[in-house]
Amino acid sequence: MKAPNWKEIPPGGVIAKGGTAFQYATGDWRNSRPIHDLELCINCLRCWVYCPDASIKVKDGKVVGIDYDHCKGCGICSKECPTNPKAIKMFNETDFGESHPSEF
Amino acid sequence: MITQDKLKAEDFVARTGNEAVAEAMRQINPDVVAAYPITPATEIVQIFSGFLADGLVDTEFITVESEHSAMSACIGASAAGARVMTATSSQGLSLMAEVLYIASGLRCPIVLAEVNRALSAPINIHCDHSDTMAVRDSGWIQIYAENAQEAYDNLIQAVRIAEDQEVKLPVMVCMDGFIISHGLEVVRLLKDVQVQRFVGPNKPAYSLLDVEYPITVGALDFTDFYFEHRRQIAEAMEKAKTVICKVGEEFGVEFGRSYGFFEGYKMEDAEYGVIAMGSTAGTAKVAVDELRKKGMRAGLLKLRVFRPFPVTELINATKGLKAMAVLDRADTLSTNGGPLFQEVCTALYAEDHRPKINNYIYGLGGRDITPFDLEKVYQELPKLAAGEEKAKPRYLGVRE
Chain A
1 MKAPNWKEIP PGGVIAKGGT AFQYATGDWR NSRPIHDLEL CINCLRCWVY CPDASIKVKD
61 GKVVGIDYDH CKGCGICSKE CPTNPKAIKM FNETDFGESH PSEF
Chain B
1001 MITQDKLKAE DFVARTGNEA VAEAMRQINP DVVAAYPITP ATEIVQIFSG FLADGLVDTE
1061 FITVESEHSA MSACIGASAA GARVMTATSS QGLSLMAEVL YIASGLRCPI VLAEVNRALS
1121 APINIHCDHS DTMAVRDSGW IQIYAENAQE AYDNLIQAVR IAEDQEVKLP VMVCMDGFII
1181 SHGLEVVRLL KDVQVQRFVG PNKPAYSLLD VEYPITVGAL DFTDFYFEHR RQIAEAMEKA
1241 KTVICKVGEE FGVEFGRSYG FFEGYKMEDA EYGVIAMGST AGTAKVAVDE LRKKGMRAGL
1301 LKLRVFRPFP VTELINATKG LKAMAVLDRA DTLSTNGGPL FQEVCTALYA EDHRPKINNY
1361 IYGLGGRDIT PFDLEKVYQE LPKLAAGEEK AKPRYLGVRE
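Sequence order for the protein chains is A and B. First residue of the first sequence: 1, per our numbering; consecutive thereafter. First residue of the second sequence: 1001, per our numbering; consecutive thereafter.
Extracted from the complex, chain A is given alone in its bound form (with noise of 0.2 Å):
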């Protein structure tokens, strides 16, 4: 898609409408990755809670995973797990090559 010029754009850079982070990934930003264990989940939610980002994925009362696209790899959900050993755990970036959380 071409990018609108200038003359096509509202001015000021007013965004003149509401919802539009859904739109931006701002994912990438993150160097440590959170992986989620269903095994070693009790479900308390406390990630869920603290995660500064909305980006623990809940569904009926459960954690189902980790919207990669949002999340800045912070580390609060793993530091707030109280299961032992932690229900998730934080991982080095790198350590997956340039895959995309969503390929693998």
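Please note that the accuracy of each hint is not assured.
[Stated by the list, open to error] Straight-line distance between alpha carbons at most 27 Å, and here's what the computed DSS-like set of lysine-lysine pairs gives:
(1) K1322/B to K1293/B
(2) K1239/B to K7/A
(3) K7/A to K1246/B
It is worth saying that the hints were derived from the structure and are not from the lab.
Starting from the structure of chain A, add chain B where the hints point.
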């Protein structure tokens, strides 16, 4: 809204520049004013807050802890769709500098009453144009006044210019510190209803407070869009040229005082000219009259609008001149002349027939300039035109 005169508007009254500007603010009755006091602009908002205490305006007046905060509050209010004004000077404008770029970048039509004052150090409270020249590339329209009347008229016009759909840029209405801001002059004030009718209602394209239509203001703008948004500002500045003239002419039709980019004084047949901004233009008119008596075809070009810079109009206005002196009340300290000199030279460079141009940096920190000083400037011009002297930036009125 104040729709009829609560104060009796007299035709001719004695007002200082600050009083006249505060009066214009009362008549405009802005939605929001956020300001922090600084000499010599303090009086403007001090008088205005008196109007507020007396119930003469409906303005939300926000007292803040700094000029940085004042302009930040102005931007928030403007993004919410309010008509917003503030006033400052010198160090205050410098402290605002970061936020000035945000006001223009977000296309907030804020009007700022600016009282020109020197910048520290050494500390000085008197007039020069260093403060506004330091922010000349901030995307603000800059209009300069010769006297209190023009400061009053310019402020009223600034609202229309800033809020024009084609422009949507903030405007700085500048007047010389103390010389105009504290000098008592005869000023002709308009009636409240006339001002209200002239400025009309504010019609913002968006409002941050409109929950039915949520918007984002100030979003991140990376390599993909930032350049396009800066290009839009340049275009708005170009469009502002037409709007400034249109509003100035309309003001003339309504109230008898027309405004454009320049006021030419005895320029029709002038051979030797001076270009200057602010109160010095008034002093130069006296020098022109004296020189005319002595037989010199002298003229004055008073520049009213520095941003956007009226290139085509300058070329036309200086066509007949053999030589001209550019008077700068600020120095770039580049050793390459003052800011106005650089603009003028750039504008005229591509012309085959252009006058020889000299530059004088004068009046820094409020150093007085007299008609006698200006006569000397004019008397140098024939030598420059004849090639007997080389053009180089020089300092006028400094002790050598």
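Checklist entry - Checked against the structure, which of the hints given earlier come out wrong? => result Hint check: nothing fails, all pass.
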